[in-house]
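*Asks:* Using my numbering, the first residue of the sequence shown is number 2, and each one after it goes up by one.
Don't take each hint at face value.
What the hints assert, rightly or not - Lysine to any residue pairs mimicking SDA-like chemistry, simulated, CA-CA at most 25 Å apart:
1) LYS140 / HIS79
2) LYS368 / ARG384
3) LYS146 / ALA167
Stated by the list, open to error - Pairwise CB distance ranges (calculated):
4) ARG275 / ALA127: 55 to 65 Å
5) LYS368 / ALA560: 50 to 60 Å
6) SER125 / THR514: 52 to 62 Å
In case anyone wonders, no lab produced these hints; they're calculated from the structure. Beta carbons: idealized from backbone N, C-alpha and C, even for Gly.
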Amino acid sequence: HDATLRLELEAPTLGEETLPHGITLVTTARADLRALTVHTETRSEDAGELELALDVDASLDEEGSIVHREHLVASGLHGLAAWMPPDLPARLDSAEVDGEGHVFHAIDAQAPTFEQTIRVAASSFAYVDGERLQLEIPKLLLAGKLRGDATGYEGDAEVELTTLDATQGLYRLTVHDTRQLVHFTSKGSGRTWRGTLHSEGSVGEVEQDFVPAYPMASIALVADVAADARSMRLEQLVLTNERGGTRLELQQSFERIGMDHEEALARRQAELERRAATPLTPEEQAREERRRIRRAERDAREAAAPPRRPAPTPATPARVVLTGRLEQDLSRLDGAPRELSARGRVVLPFTLESGDGSLFRLQARAKLEEVDLSLPQMGIVARGVRASVPVQEALVLGPNGFELVVNTERSAFARVRHDDLQTALDRDAFVEMDTLRVGEIELGPLLASLRADRNVLALDGVRMQHGDALITGQVLVDYLPGRESVSFRGNITGLRTRTSRSPLDANAAVVFTPSRLELDGRIQIVRVATAHLRGLLDLLDPYREDPSLNSLRSVLRFAHPEQVTLDLG
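Construct all of the structure, not just a fragment, from the sequences and the given hints.
*Replies:* Spelled out as structure tokens, the structure:
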């Protein structure tokens with residue numbers, strides 16, 4: 002048996018513009034009822050640059066199984082752009098699709114077993130999201146296989162990209178030789194459902210200019226995920242960048258803890274439906290009538306009251322635990338030696354926990370092993386850095402995303418003196434540095450206890466050399482956006498300046514607010530020379546416009562005080 006179908010689509014009108022041509026599709030089919038086979042061919046005509054060709058073959062064997070094959074070739078797909086909405090961000094030039102499959106025992110089985118494979122080759126794919134993101138893929142290969150039966154599904158997928166170009170603003174990213182393999186299973190349904198996913202991926206090289214110092218090549222990703230109706234577990238995720246010296250390991254568990262509550266609501270609803278279907282006794286009818294009257298009175302009171310904003314419907318609470326470990330070899334950060342030069346190793350194990358899915362607590366410990374760091378453009382050089390820094394952060398998930406839970410202990414004056422804490426400092430929370438050079442100023446060696454507590458970075462028990470001078474004390478850096486501040490409380494002993502050989506001793510408790518350029522607190526100079534005072538007066542009154550300070554300058558010709566106290570505000 003032969004049949005032919007011809008479908009003609011006239012040139013449509015979009016707004017005030019009529020397209021130059023329509024599309025004609027011609028389908029021919031041939032069926033052999035003795036051999037139980039069907040063959041169809043579909044071709045496009047009078048479609049301009051667009052060409053479509055689809056061949057389909059299907060047969061039914063003696064066991065009642067269906068075997069089918071498909072082959073689609075589409076070229077000139079950019080001609081469809083005139084038929085699409087003008088704001089559609091994606092464009093494709095050509096594609097070729099091959100598929101084949103089996104449906105075993107399709108006639109007599111209630112839930113037949115099937116197997117389907119598909120191969121897709123696409124070229125010249127482009128995605129443009131306004132002026133923000135532009136994505137181009139010259140060639141894309143996709144292969145997949147899906148198997149299913151009455152118990153569930155199992156499948157494999159493979160994606161290959163020779164090149165991917167992405168541009169966003171002034172930045173550009175080019176990815177070479179990308180390959181991704183995925184294997185997944187899905188068994189059961191409803192509350193008995195469970196599934197697994199295994200993924201392996203690799204990237205040959207990434208060219209990028211937003212972090213020039215970080216090279217990216219020989220990248221590998223391995224992940225295993227298991228899930229059921231109640232929970233999800235990231236059994237492992239390992240991401241490595243061999244060229245950049247990075248290794249990231251993650252493990253996560255996610256459990257919905259509101260399932261018991263949902264089950265109780267479902268049982269209550271079933272009980273109400275059962276009662277509604279059961280005839281009531283006269284006593285139960287009278288009780289239900291009294292309840293109906295009370296509900297009507299309550300509804301009338303609520304209707305007369307001023308409207309209130311409805312309470313948001315909370316999402317099902319969840320318990321989340323994420324553990325991970327990040328390792329970085331700093332010597333591999335050699336992509337931009339004029340901007341960054343480093344060596345050493347950084348290790349960051351961390352844990353992120355939440356008992357309800359809304360409040361998250363992050364605990365980590367950053368370890369620096371024999372780190373040398375040089376930032377030539379900023380004039381910063383650090384040598385011999387060894388540290389173990391505990392980090393604690395608290396995040397709350399709100400309507401606008403994650404927000405930092407603020408550390409309210411902000412006053413340096415309300416804290417215990419660091420001298421009282423030195424004997425009880427955490428020996429696992431320390432930072433050591435041989436030398437630190439900022440411009441022409443050289444400091445070191447430095448020893449302190451460093452910790453990060455939410456929005457506060459604290460240096461406790463600081464002991465730092467600056468030439469012959471010794472600086473001890475405590476430094477607090479509050480980096481809460483909009484409320485940044487730097488606090489210092491400590492002592493300076495034996496400081497020698499360029500203008501005097503005499504040492505200067507002082508103690509200070511000050512707070513600097515960068516956003517307002519304000520300096521508050523007190524500085525007490527307990528040993529001072531005349532040159533020190535003159536330099537201090539020039540700092541406070543560089544143009545010598547204050548009469549009182551000028552009077553003090555004249556007195557310094559004959560004598561100077563032994564101690565000076567400065568109240569800043």
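*Asks:* Hint by hint, say whether it matches the structure.
*Replies:* A quick look at each hint next to the structure:
1. Taken as a hint, the LYS140 and HIS79 pair is honoured in the structure, with Cα atoms around 15 Å apart against an allowance of 25 Å.
2. Between LYS368 and ARG384 the alpha-carbon distance is near 15 Å, which keeps this suggested pair within the 25 Å criterion.
3. About 29 Å separates the Cα atoms of LYS146 and ALA167, which puts this hinted pair outside 25 Å; it is violated.
4. Between ARG275 and ALA127 the CB atoms are about 59 Å apart, so this pair conforms to the stated range of 55 to 65 Å.
5. Between LYS368 and ALA560 the Cβ separation comes to about 54 Å, which falls inside the hinted range of 50 to 60 Å.
6. With their beta carbons about 55 Å apart, SER125 and THR514 fall inside the hinted range of 52 to 62 Å.
Hint 3 from the list above is the single one not met by this structure.
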